[in-house]
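Q: Here's the letter readout for the chains.
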Amino acid sequence: MTQIELATSNGTRMAETSDDAALAIRGMTVSYGQKPAVFSVDMTVPVGSMTAIIGPNGAGKSTLLKAALGVIKPLAGTATVFGQPVADARARIAYVPQRASVDWDFPTRVIDVVLMGLYRELGLLGRLRGAHKAKAMECLERVGMQDFATRQIGQLSGGQQQRVFLARALAQDADLYLLDEPFAGVDAATEKAIIDVLQSLRADGKTVVAVHHDLSTVPDYFDRVFLINTTRIAEGTVEDAFTPQTLQEAYGGRLATGQLGQTALGA
Amino acid sequence: MLWHALTLQLGYNATLVTLGAMLLGIAAGVTGTFLFLRKRALVSDAISHATLPGVGIAFIIMVALGGDGRSLIGLMLGSAASAWLGLLCIGFLTRRTRLAEDAAIGAVLSVFFGIGIVFLTFIQTMSEGRQAGLEGFLLGSTAGMLYSDAVIIAVGGALVLAAVIAFRRPLSAVAFDPEFAASSGLNVPRLDLIMMGLVMAITVVGLKIVGLILIVALLIIPPVTARFWSERVTGVLWVAGIVGGVAGYVGATLSAVAPALPTGPVIVLVLFVMFALSLLFAPARGALAAVLKHLSFQRRVHIRQGLLALAQGQPIYEKLTLRLLQRSGLARADGVATTDGKARAAKALRDETRWQMARSREEFALAATFYDGLTEIETVLTGDQIGELDRLIGAPMGVPA
Amino acid sequence: MGEEFVAISLTPMLIGTLAAIACALPGNFLLLRRQALIGDAISHVVLPGIVVAFLITGVVAAVPMMLGAAGAAVVAVVMIEAIRRLGKIEPGAAMGVTFTAMFAGGVLLLEQSDTSTVHLDVEHALFGNLESLIWLDATGWASLLDLEALAYLPVELPRLFGVLLVVALFTWVFWRPLKLSTFDEGFAQSMGIRTGPLGFTLVIVAALAAVAAFDAVGSIIVIAMFICPPAAARLMTNALGAQVAWSVLFATLSAVLGYVFAGYGPLWFGADNAVSAAGMIATVSGLILCFAAVFGPHRARSGAPAEAL
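Protein chains in written order, with this note's numbering: chain R, 1 to 267; chain L, 1001 to 1401; chain U, 2001 to 2309.
In short, the hints are calculated from the structure, not lab data.
Misleading hints may appear alongside valid ones.
Quick list of in silico lysine-lysine cross-link-like pairs, DSS-like style, CA-CA up to 25 Å [claimed, not checked]:
id, chain 1, residue 1, chain 2, residue 2
1, L, K1293, U, K2088
2, R, K192, L, K1342
3, U, K2088, L, K1347
4, L, K1293, L, K1319
5, L, K1319, L, K1347
6, R, K73, L, K1293
7, U, K2088, R, K133
8, L, K1319, L, K1342
9, R, K192, L, K1039
10, U, K2088, R, K135
11, R, K192, R, K135
12, R, K35, R, K73
13, R, K35, L, K1347
14, R, K73, L, K1347
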């Protein structure tokens, strides 16, 4: 039994009944070519929590998120959302992809991007009504972008692009928000705006999971962490799982120990 | 007859054309490799289609000047000029507008070809144009070729090949790693220009043999074929040259034996056969090898995950995992481990624990970066180091290695 | 004037226009998806498809040939994808291998089989025969109301009209998912849009347009209309809907002006024979693109391109 405890003793392991989890990933392995980028990962995100997925570059953070959503096909493993297979729970999921993954020269306006978040509601040919536009405007307001509604998306700064993506996710009116590097390369004002929105979502009982790379803000922004480096290193509350020990395991020699000590709680 | 042709005993003209086609094929294979590695393979398609207006205009000018208009040199010069113009258009559209290169290539290709067709139909109405035979430039034809034309093709092929050989070193440096090449003092824009110049030269020399619609195959298929056989730039260059040379040689010969067949399509099909065989059967990168490798990789992943689940007493979520475990005699149908399975599972878990310990210790940080779930720890650490890990873990292992 | 125009020029002009629009509509999405050259590839493989259909059925009939061509387009798309994935070859090179090989196969089959009795040759495939699609039974504008004369309209006209209808319907019905998946494929997938099948359907619809247009106007127009009107339109506007509208306008202009210039242009210069209408239509579309590239209000890039994945 010693061995088993050793293998699982990092972070407090939640009761693994996936039925009451907002997101439950089991045995997920994803590979590009002949080397797994993510290996046999289990993840349990409790409802109403705010989780940071952290790990070094190339540790499989975004890959895990995309595989859970079915955007890339995993080699093995399953993901459930609120106890349902992901395919049946799409209406309850909002997703914010990496900003750099799309062509911002695409011929469309800011408000049209936000309206894309209403696609499930509108369907193929459903009429776009004033109420939809009002909702999109309201989402833009929540991220402070209401004045940019008719702007061409190519004219936005990086931070503004990120806010528009967040507004689109808000329009999806979901229960689980999955964000891929929402703070990457954005200005301080945008970072503040985004975290405010995320925290208000959480206050409304929504669940938030974000791929994150700035360790110094983890304790301020999130209440749970998921450390990954190909496999799961640790998972749990910030107090339990975000420790010098787990960070050393996740980042190895890639972070100076001093930095680890300063960043992590309890150092 | 075929044997005569293959051994170059089919008359002086045919021999010259065959040699020219072979030299051209080698040059095209090598130059095409540079294009392919620069991810600009289809630029050559635009270049070749853009030659057509030049052919037409050159013919009209030569007739207007009192010639018969069919001088191969004159037509080649015209085609080179309009191909160059096409290349400039692509550059203008991609640099000065928001259009991507693929759109620019497609636009230049179709518009220049359209303009060329307008000229061809105009030439057909000229009294001199009825037997101009310019349509032969579309698909290539070596039938009834003049001695002087055969000489031009042979000499042209040799010259292009010589130029390719002369520039091979800087061009392969740029193709392999443009940024490094630039930092080591090579003039990358100028070398790109030289590369395009070579592509143009190949197109122009090849027009008469392969035709402008299919000449692009001579530049694209050899490098793609060669890519299956080598991971190194030099290797790809060699194989591509050989593939191109063989195709030029065999294609020109076949078509000399059967004059009704247009040369271009024959050469392309010879190329395609070599490509298809490589795609399917190449040992390391071929499709068959890739599929087999993927299946065995998938199997390794599932078995490893299944063993870890067994060792930790967790349920096995996927049917495929269970089936693979069963088939390997590691688990029974109800998901309970066999004796063999228990031993393997214990070892898998022990290794996983060792990896975890390695990750948590700074002195093993470098080794820990090799972790991907499948790499055996014995392949990364020595026996002594593993012993040290076991000591740190401190638990009695008691599992046979 | 009316009599001659309706009999000789009206139907080819209409057919050219319908073909141009049918190709330009899906071309807009192919352009934005960086798949502009799929149109090039499709138009090259139509020839082998038609030849194989002819060899199997032994007749030159529209339906088997359209099926053959559509089949060839599917084979080409699957082959490009297979080469790309199995061989890890970049898409441009995979396309180059596929369409040259299939085109070469088509030409050789054509040369080897006895097609001397039928109107089937490489040049026809490239240039089409737009000029020959005349309406002999028309006696003037009044014929447009004359059911008997209408019955003898060139069959290409209603066929292209039907295909255009299908293409337009597809564009209209799937506008939202097409736009969404073209802009942000990952997000579209997360919403449950099956982007793979949708992209494949787009290519098949493009192939349908190419096949129908090819028969009437040849492959030059097909490639030119897939790319030039949408590319020019992209430089005129920053809204997708407006871009599609511009592309329809440009396609129409190219077809009408191209046909007029080809038929009457040489006369203005004192020559007495018309030049290829297909070639001239492509030329006009190129001129329009040229103007848009120099004067288009939205010709410069604005946003950063997507990172290569």
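Q: If a hint holds in the structure, say so; if it doesn't, say that too.
A: We went through each hint and held it up to the structure:
| no. | hint | in the structure |
| --- | --- | --- |
| 1 | K1293(L) <-> K2088(U) | holds (14 Å) |
| 2 | K192(R) <-> K1342(L) | violated (52 Å) |
| 3 | K2088(U) <-> K1347(L) | violated (36 Å) |
| 4 | K1293(L) <-> K1319(L) | holds (21 Å) |
| 5 | K1319(L) <-> K1347(L) | holds (23 Å) |
| 6 | K73(R) <-> K1293(L) | holds (18 Å) |
| 7 | K2088(U) <-> K133(R) | violated (44 Å) |
| 8 | K1319(L) <-> K1342(L) | holds (19 Å) |
| 9 | K192(R) <-> K1039(L) | violated (41 Å) |
| 10 | K2088(U) <-> K135(R) | violated (44 Å) |
| 11 | K192(R) <-> K135(R) | holds (22 Å) |
| 12 | K35(R) <-> K73(R) | holds (15 Å) |
| 13 | K35(R) <-> K1347(L) | holds (21 Å) |
| 14 | K73(R) <-> K1347(L) | violated (29 Å) |
The structure is inconsistent with the numbered hints 2, 3, 7, 9, 10 and 14, although it conforms to all the rest.
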